[in-house]
Amino acid sequence: MIASPIKLWAGAFYLANKIFFSRAERSQNQEKKRINKILSWTVYLIGLPAWVYILYTGNDIIAAFVEMAGAFSMATGLILAIKRKGRPPKWFYWIALVITSIGIGLSFYKLRGLSSYTQILELGLALGFLIGTFLLGVKDNFKGYLWFILMNGCCAALMLARTNPILFAQQLASIFFVLDAYRIRKRR
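Residue 415 is where the sequence shown starts when you use this note's numbering, and the numbers rise one by one after that.
Honestly, the hints are just simulated from the structure, not real lab data.
Just so you know, not all the hints are guaranteed correct.
Below, simulated EDC-like cross-link-like pairs (lysine to aspartate or glutamate); rule was C-alpha separation at most 20 Å, straight line [said to hold, decoys possible]:
(1) 421 / 445
(2) 497 / 445
(3) 524 / 594
(4) 504 / 554
Using the sequences and the hints, build the whole thing.
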């Protein structure tokens, strides 16, 4: 089975995002850490349109809106890394919460409530994203990586349910790099 170019685009750039985050955590040099974070946020934003398309056309509305919310947080992180100062403002998290809530509402409206196990996976994905982003971005707490594992695990199960083996494998590989970042950061 040959994967479509859009799936390869989505999978490659999101896996690169996790690899660069892992490299940033491993880096002892502050400038290398900053460059890896810039690369991580950049590749996420490049892969974002493909993911939103795949999720929305697959009727995974909650997950599509979570990805759209992620665009705002990643762009904020990118700007701060380029400027070499600061942390994301707390209000960016609230915007992500609102965008994700809109996605949940639309999904429940379109599917007439909580009507499928894939919606439960999407809710797990949303929960992992929101708590992980809050802990890592707002609180600078390494335990946010554990919530990202929930997010990637739910997305892996969702991709398996949607028979997207390339994206399933990419999500599993992402878990490895998120675990690596967690382990390195915990040691510090």
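Right, here's what the structure says about each hint:
no. : hint      : in the structure
1   : 421 / 445 : violated (32 Å)
2   : 497 / 445 : holds (12 Å)
3   : 524 / 594 : violated (38 Å)
4   : 504 / 554 : holds (12 Å)
Of the hints listed earlier, those the structure fails to meet are numbers 1, 3, in rising order.
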